[in-house]
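Asker: Residue numbers (the numbering used here), protein chains in the order written: chain A, 27 to 198; chain B, 27 to 198; chain C, 27 to 198.
For the record, the hints were derived by calculation from the structure and aren't laboratory data.
The reader is advised that the hints may include incorrect statements.
[What the hints assert, rightly or not] Listing some non-contacts, in silico: residues in chain C with all C-beta distances to chain A over 10 Å:
| id | residue |
| --- | --- |
| 1 | Leu-87 |
| 2 | Phe-143 |
| 3 | Thr-195 |
[Stated by the list, open to error] Example chain A residues on the side facing chain B (calculated, C-beta under 10 Å, incomplete):
| id | residue |
| --- | --- |
| 4 | Gly-56 |
| 5 | Asp-57 |
| 6 | Val-59 |
| 7 | Phe-69 |
| 8 | Ser-71 |
| 9 | Gln-175 |
| 10 | Gly-177 |
| 11 | Ala-182 |
| 12 | Thr-185 |
For glycine and all other residues, C-beta sits at the position ideal for the given N, C-alpha and C.
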Amino acid sequence: VGVTTRSGTSPESRLRELGIELPRAPLPLGDYVPGKVAGSLLFVSGAYPTCPDERGAGDVLRYRGQLGGDLTAEQGQAAARLVAINLLAMARAIVHDLDRVRSVIRLTGYVNAAPGFTDAPAVLDGASRLLVEVFGPDSGSHCRMALYQPGLPDDAPLTAELLLDLHRTDKR
Amino acid sequence: VGVTTRSGTSPESRLRELGIELPRAPLPLGDYVPGKVAGSLLFVSGAYPTCPDERGAGDVLRYRGQLGGDLTAEQGQAAARLVAINLLAMARAIVHDLDRVRSVIRLTGYVNAAPGFTDAPAVLDGASRLLVEVFGPDSGSHCRMALYQPGLPDDAPLTAELLLDLHRTDKR
Amino acid sequence: VGVTTRSGTSPESRLRELGIELPRAPLPLGDYVPGKVAGSLLFVSGAYPTCPDERGAGDVLRYRGQLGGDLTAEQGQAAARLVAINLLAMARAIVHDLDRVRSVIRLTGYVNAAPGFTDAPAVLDGASRLLVEVFGPDSGSHCRMALYQPGLPDDAPLTAELLLDLHRTDKR
Numbered sequence: 027v028g029v030t031t032r033s034g035t036s037p038e039s040r041l042r043e044l045g046i047e048l049p050r051a052p053l054p055l056g057d058y059v060p061g062k063v064a065g066s067l068l069f070v071s072g073a074y075p076t077c078p079d080e081r082g083a084g085d086v087l088r089y090r091g092q093l094g095g096d097l098t099a100e101q102g103q104a105a106a107r108l109v110a111i112n113l114l115a116m117a118r119a120i121v122h123d124l125d126r127v128r129s130v131i132r133l134t135g136y137v138n139a140a141p142g143f144t145d146a147p148a149v150l151d152g153a154s155r156l157l158v159e160v161f162g163p164d165s166g167s168h169c170r171m172a173l174y175q176p177g178l179p180d181d182a183p184l185t186a187e188l189l190l191d192l193h194r195t196d197k198r
Numbered sequence: 027v028g029v030t031t032r033s034g035t036s037p038e039s040r041l042r043e044l045g046i047e048l049p050r051a052p053l054p055l056g057d058y059v060p061g062k063v064a065g066s067l068l069f070v071s072g073a074y075p076t077c078p079d080e081r082g083a084g085d086v087l088r089y090r091g092q093l094g095g096d097l098t099a100e101q102g103q104a105a106a107r108l109v110a111i112n113l114l115a116m117a118r119a120i121v122h123d124l125d126r127v128r129s130v131i132r133l134t135g136y137v138n139a140a141p142g143f144t145d146a147p148a149v150l151d152g153a154s155r156l157l158v159e160v161f162g163p164d165s166g167s168h169c170r171m172a173l174y175q176p177g178l179p180d181d182a183p184l185t186a187e188l189l190l191d192l193h194r195t196d197k198r
Numbered sequence: 027v028g029v030t031t032r033s034g035t036s037p038e039s040r041l042r043e044l045g046i047e048l049p050r051a052p053l054p055l056g057d058y059v060p061g062k063v064a065g066s067l068l069f070v071s072g073a074y075p076t077c078p079d080e081r082g083a084g085d086v087l088r089y090r091g092q093l094g095g096d097l098t099a100e101q102g103q104a105a106a107r108l109v110a111i112n113l114l115a116m117a118r119a120i121v122h123d124l125d126r127v128r129s130v131i132r133l134t135g136y137v138n139a140a141p142g143f144t145d146a147p148a149v150l151d152g153a154s155r156l157l158v159e160v161f162g163p164d165s166g167s168h169c170r171m172a173l174y175q176p177g178l179p180d181d182a183p184l185t186a187e188l189l190l191d192l193h194r195t196d197k198r
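Working from the sequences, and respecting the hints, build out all of it.
Answerer: The following block contains the structure:
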C-alpha cells in the first residue's frame with residue numbers, strides 16, 4: 027500500500043528507523059483472538075508488558091508491580107511503551123503490514139495502582155508517545171481513557187487495548 | 027437474510043440446536059437503551075447474569091458473589107455464559123434477528139474480584155465460548171479485554187458489554 | 027448541515043434553548059487529543075467534571091469526593107451532567123458544529139465509589155439525560171456501561187467517555 031506520513035516514512039519504515047523490532051504477538055490468555063476487523067476498524071485485544079519466553083512457549087512479564095508502590099512513574103512509562111509495542115505486534119498479526127493502518131483512534135489503559143496513586147495519564151504517555159513516533163503526529167494522535175485497577179494478573183503494572191483505522195484497500 | 031456459518035447453520039438455528047431460548051432482554055438500569063447501531067456496528071450495553079423475575083416486572087441475579095471468594099471459577103464461567111446470553115437477547119431486541127449479525131467483534135468483561143483474584147480471563151471464557159458456539163469459529167471469534175472491579179451492584183459476579191458487526195443489508 | 031430533531035430543533039439550537047453555553051474543551055492530561063474521527067464515528071476522550079480555571083490556564087474540578095461517602099447521588103448526577111457538557115465541548119472542538127452529530131452511540135462512565143456504593147447507573151443518568159435533552163429522544167438515546175473506580179485523580183467523583191455517529195457529509 028505504501029502510505030507515507032508527513033515526514034515521508036511509512037509506519038513499517040519508522041519502526042525500522044526507531045530500531046524497534048516487533049516481537050511475535052503475545053499469546054491470548056483465553057478463548058479470544060488478538061484482534062478483529064469491522065469495516066475499516068481494527069480492534070486489538072488487551073496487552074500486557076510481556077516478552078516472549080525464550081525458554082518456553084508462553085510470554086513473561088518484563089515489568090511487575092503496582093504504580094505508586096513498587097514502580098516509579100518512569101518505570102511505568104517504560105512498561106506502557108512495551109504494551110504499545112505488543113499491541114502493534116498483535117495488530118500486525120491480523121493485517122500483516124502496519125502500512126495498512128491509516129490512523130490510531132483510541133487507546134484505553136488500566137494502571138495497577140496502589141491506593142492513592144492517580145497519575146495514570148503520565149504512565150500511559152509512555153504508550154501514547156510510541157504510537158506518535160511510529161505513525162506520526164497526525165495519524166498517530168489518538169483519544170484516550172486512563173483508568174485504574176486495584177490489581178492485575180501476576181502483578182502486571184498495566185494493561186491496555188487499542189483501536190486502529192485501516193486504509194480502505196479491500197472491499198467487503 | 028439467511029447467512030450461513032461454515033457448519034451450514036445460521037446463528038438463530040444454532041441457538042435452537044444448542045437448546046438455548048433467549049429470554050426477553052434485561053431491562054435497562056437507567057436512562058439508556060439496550061443497544062445502538064452506528065453504520066454496520068451494533069453496540070450492546072452492559073449486561074449482568076440475570077433472569078427475568080417471574081414474580082415481578084424486573085430481573086433477578088442468578089449468580090451472586092465475588093470471584094476468588096464466594097464463587098469458584100467454574101461458577102463464574104456459568105455466570106459469564108448467562109451474561110453472553112443476555113447480551114444476545116439485547117442485540118436481538120435491537121435488530122430482531124441474530125442472522126443479521128455478520129461477526130462478533132469485541133467483548134469487554136469486568137469481574138467482581140476479591141483481593142488477589144486475577145483470573146478474569148478464565149471466567150470470561152464462559153462468555154467467549156458461548157459466542158463461538160452460536161456464531162461459529164470464524165464469525166464468533168472476537169477480541170477481548172478482561173478487567174476487575176472491587177464490587178458490583180447486588181454483589182453480581184461480573185458484567186460485560188459486546189460489539190457486533192452486522193451484514194450490510196440496509197442503506198443509511 | 028442543519029439536521030432537525032423531532033422537536034424541530036438542531037443540537038446547537040437545543041443547547042441555546044437549554045441555556046447551556048459549552049465551555050472551551052478541557053485540556054488533555056497527557057499526550058493525546060480530545061477526540062478522533064474514524065469513518066463516521068467520533069470517539070471522545072475521557073472527561074472530568076471540570077471548569078476552565080479563570081485564574082489560570084488549566085481546568086479545575088467543580089465536584090470532588092467519592093460517591094457513597096462525600097457526595098450524594100444527586101450531587102453525583104450534577105457532576106455527571108457537567109461531564110457530559112465537557113464531552114460535548116470536546117466533540118465540538120473536533121467537528122466545530124454539533125449539528126454534524128447524527129446520533130449518540132455509547133457512553134461509558136466510571137464512578138469513584140466508596141466501598142459498598144453500587145449505584146453508578148443513577149449517577150450516570152445525570153449525563154445520559156443531558157445527552158437526550160440536547161439530541162432528542164431518538165438520536166440522543168445511547169447504550170451505556172456503568173463501572174466503578176476505587177479512586178480517581180484529585181478525588182474526582184467520576185470520569186466518562188463518549189462515542190458519537192456523524193452525518194456522512196464528507197468523503198474520505
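Asker: Look at each hint and say if it fits the structure.
Answerer: Now for the hints, and whether the structure bears them out:
The non-interface label for C:Leu-87 is consistent with chain A: the shortest C-beta to C-beta separation is roughly 12 Å, beyond 10 Å. The beta carbon of C:Phe-143 is kept farther than 10 Å from every beta carbon of chain A, the shortest such distance being approximately 15 Å. Distance to chain A confirms C:Thr-195 as a non-interface residue, since its nearest Cβ pair spans about 18 Å, more than 10 Å. Satisfaction of the interface hint for A:Gly-56 is found here, the shortest Cβ-Cβ separation to chain B being roughly 4 Å, below the 10 Å cut-off.
With a least beta-carbon distance of about 4 Å to chain B, the hint placing A:Asp-57 at the interface is held under the 10 Å criterion. The beta carbon of A:Val-59 is positioned within 10 Å of a beta carbon in chain B (closest approach about 5 Å), and the interface hint is therefore held. Proximity of A:Phe-69 to chain B holds as hinted, the smallest CB-CB distance being about 5 Å (cut-off 10 Å). Nearest Cβ of chain B to the Cβ of A:Ser-71: about 4 Å, under the 10 Å cut. The hint holds.
The interface hint given for A:Gln-175 is met, as the beta carbon of that residue sits about 6 Å from the closest beta carbon of chain B, less than 10 Å. Interface hint at A:Gly-177: satisfied, since its Cβ lies 6 Å from the closest Cβ of chain B, which is below the 10 Å cut-off. Checking A:Ala-182 against chain B by beta carbon gives a least distance of about 9 Å; that is within 10 Å, so the hint holds. With 10 Å as the threshold, the beta carbon of A:Thr-185 comes within range of chain B, its nearest partner Cβ sitting at about 8 Å, so the hint holds.
The structure meets every hint from the earlier list without exception.
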